[in-house]
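First to last, the sequence lines map onto chains A and B. Taking the numbering used here as reference, the numbering of the first sequence is continuous, increasing by one, and the terminal residue is 134. Taking the numbering used here as reference, the numbering of the second sequence is continuous, increasing by one, and the terminal residue is 482.
Keep in mind that the hints were calculated from the coordinates and are not lab data. Among the hints, a few may not be true.
[To be verified] Among the chain B residues that face chain A by a calculated CB cut under 10 Å, a handful are:
id : residue
1  : I306
2  : D308
3  : V310
4  : E347
5  : D389
6  : V393
7  : G406
8  : A414
9  : G425
10 : D427
11 : V428
12 : S436
13 : M438
14 : S442
[To be verified] Pulled a few chain B residues facing chain A out of the computed Cβ check, cut under 8 Å:
id : residue
15 : S231
16 : S336
17 : I407
18 : D410
19 : F421
[Said to hold, decoys possible] Residues of chain B clear of chain A, computed beta-carbon distances all greater than 12 Å:
id : residue
20 : K233
21 : E248
22 : R314
23 : R369
24 : R378
25 : N441
Glycine included, each C-beta is placed from N, C-alpha and C at the ideal position.
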Amino acid sequence: MYTRGPVIVMELPEQLNHAEGKAFLAELRPLLEIDRPRVVLDCSQVQHMDSAGIEILLHCMEEAMKRDGDLKLAALSPASAAIMELMRVDRLFEVFESADEAARSFHAVASIEEPQSPPWYSVPYGLPDLKSAS
Amino acid sequence: MGLGAILVVGEEHQAFCSTPRAGNYLLGEPIECVEILGRSMLERTIERFARTEIEAITVLASNGYSVPVLSGMYRNVNVWVVGDVASAISQLLQEYSQKGIEHSFVVAANVYAEIDLLDLFYFHREARKTATRGLDREGPLDLWVVDCAKAQQVDLESFFNRADEATASYLIRDYVSRLRHPRDLRRLVSDALCGRCAMRPSGREIKPGIWAEENAEIHRGARIVAPAYIGSGSRVREDTLITRCTSIEKNCYVDCGTVIENSSILANTHIGIWLDVCHAVASGEKFVSLGHDVVVEISDPSIMRSNSDAKKGVEFSRPYAARQIVATIQQEQPPSPEMVLGANLIQG
């Protein structure tokens, strides 16, 4: 596991099944319990994934979204992508080519969110500045 | 007229097959032995030769490959299990010649070509060459007509792999499929269901564009969008959607809510609940995703599994075992005079 700013990047195990997935979830759980968790799961090492593994990914996604965060996948192999498509979960996750790209996507969202749009009564909308109350 | 035919099954016969067939074994057995719209390509090819009144048809299977049990009764069909395909072809041509058969087709069973076999033969006879090879716009095919007597004078292994003065070429302008990869299988299924080739699904057209075998079970809540094919003994449960030229072969089970789109589910495959099978070929635990170009072994039986423990073909791992299995089949179903299966096994 490593962090890239506020983003946590974790590598999934080679075998994403019930047993391995449970251990992985125990490790990830505290990180999902923070406010607005931003997690990237690096799937580059995954060689085998079954329905229990998919269940774990969905659980992590649910936990992250409950706390107004997000979970993204990176470096998904064609075999894993085929299984996710077969189980109809491919459309639920954002998938990126690499963990770096996935982490950057969080920053992009953050930088878009930061600038506040001017209020409706401000100069750009053609209204004079409001007089301050005396 | 004196015409014979030799059909070669399996991918190890590199001496004969000049075209690469790397994807042929992705499904666990040669594509020519896999049922496509109710019948294997091997059986369809045998039937075409039988209709052309060929005197002797021999299926050559490489060691380690399985030949499906043929559903039809064919006259003069023998199965040989061989280690060296080239020398077996040579031996067979010699036998044919001794029996008075002057010419023989030598064909890789994975080649599907909608040609007039007799026209090819007449072309070969007029060309007066040792052999004539079929070719289409994509190049040469493993489809030959050979002069049995003249073939004794050449080294067949090298002969099949080079074109020289002793070979004539016959251009095929009709529909051809090489069936080298599951992708070719899908294309052939689509073409057959859409009427782009002469091949037709077995069974009955229950609605326009929807073919089903007699004992296929389709739930009234399932939605089948034409064209599609449902094989014998298959069950399609409620809320499923079968669409875009999908074929479901015999003894398959498609569980509730699953969508199967532009895919082929091969015989004896169980597809689990609420799945999305799209642009793929599924066979037992093997899932060939054509979109992602990958073969995945599904270990989770709730997703996909094989419906049968034993394959219903004749597995030829060793000649001895093959002989035993053939003997078992013959005990269970005494061969009729019209069908001689595995009568001429030779040691590989």
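Review point. With a cut-off of 10 Å, does the beta carbon of D389/B approach a beta carbon of chain A closely enough for the hint to hold?
Key: violated (13 Å)
Practice item. Grab the minimum beta-carbon distance between R369/B and chain A and tell me whether it stays above 12 Å. Key: holds (20 Å)
Exercise for review: Over 12 Å to the closest beta carbon of chain A is the bar; see if K233/B clears it.
Suggested key: K233/B is indeed farther than 12 Å from all Cβ atoms of chain A, at 51 Å.
Review point. Holds or violated: F421/B as interface residue toward chain A, Cβ cutoff 8 Å?
Key: holds (7 Å)
Exercise for review: Beyond 12 Å from every chain A Cβ: check whether that's true for E248/B.
Suggested key: Label holds. Min Cβ-Cβ 33 Å, cutoff 12 Å.
Practice item. Evaluate the condition: distance from the CB of R314/B to the nearest CB of chain A exceeds 12 Å. Key: Correct as stated: the minimum Cβ-Cβ distance to chain A is 20 Å, above 12 Å.
Review point. Given I306/B was flagged as interface, is its beta-carbon under 10 Å from a beta-carbon of chain A?
Key: violated (35 Å)
**Study point:** Proposed interface contact between G406/B and chain A, which counts if any beta carbon pair is under 10 Å
**Key:** Hint holds; G406/B Cβ to chain A Cβ min 9 Å, cut 10 Å.
**Study point:** Evaluation of the interface hint that places S436/B against chain A, nearest CB under 10 Å
**Key:** holds (6 Å)
Review point. Holds or violated: V393/B as interface residue toward chain A, Cβ cutoff 10 Å?
Key: holds (8 Å)
**Study point:** Interface hint for E347/B, Cβ within 10 Å of any Cβ on chain A
**Key:** violated (26 Å)
Point to revise | Restraint check, 8 Å cut-off on beta carbons, for S336/B near chain A | key: With a closest approach of 28 Å, the S336/B hint is violated.
The structure fails hints 1, 2, 3, 4, 5, 14, 15, 16, 17 (numbered hints given earlier, in ascending order).
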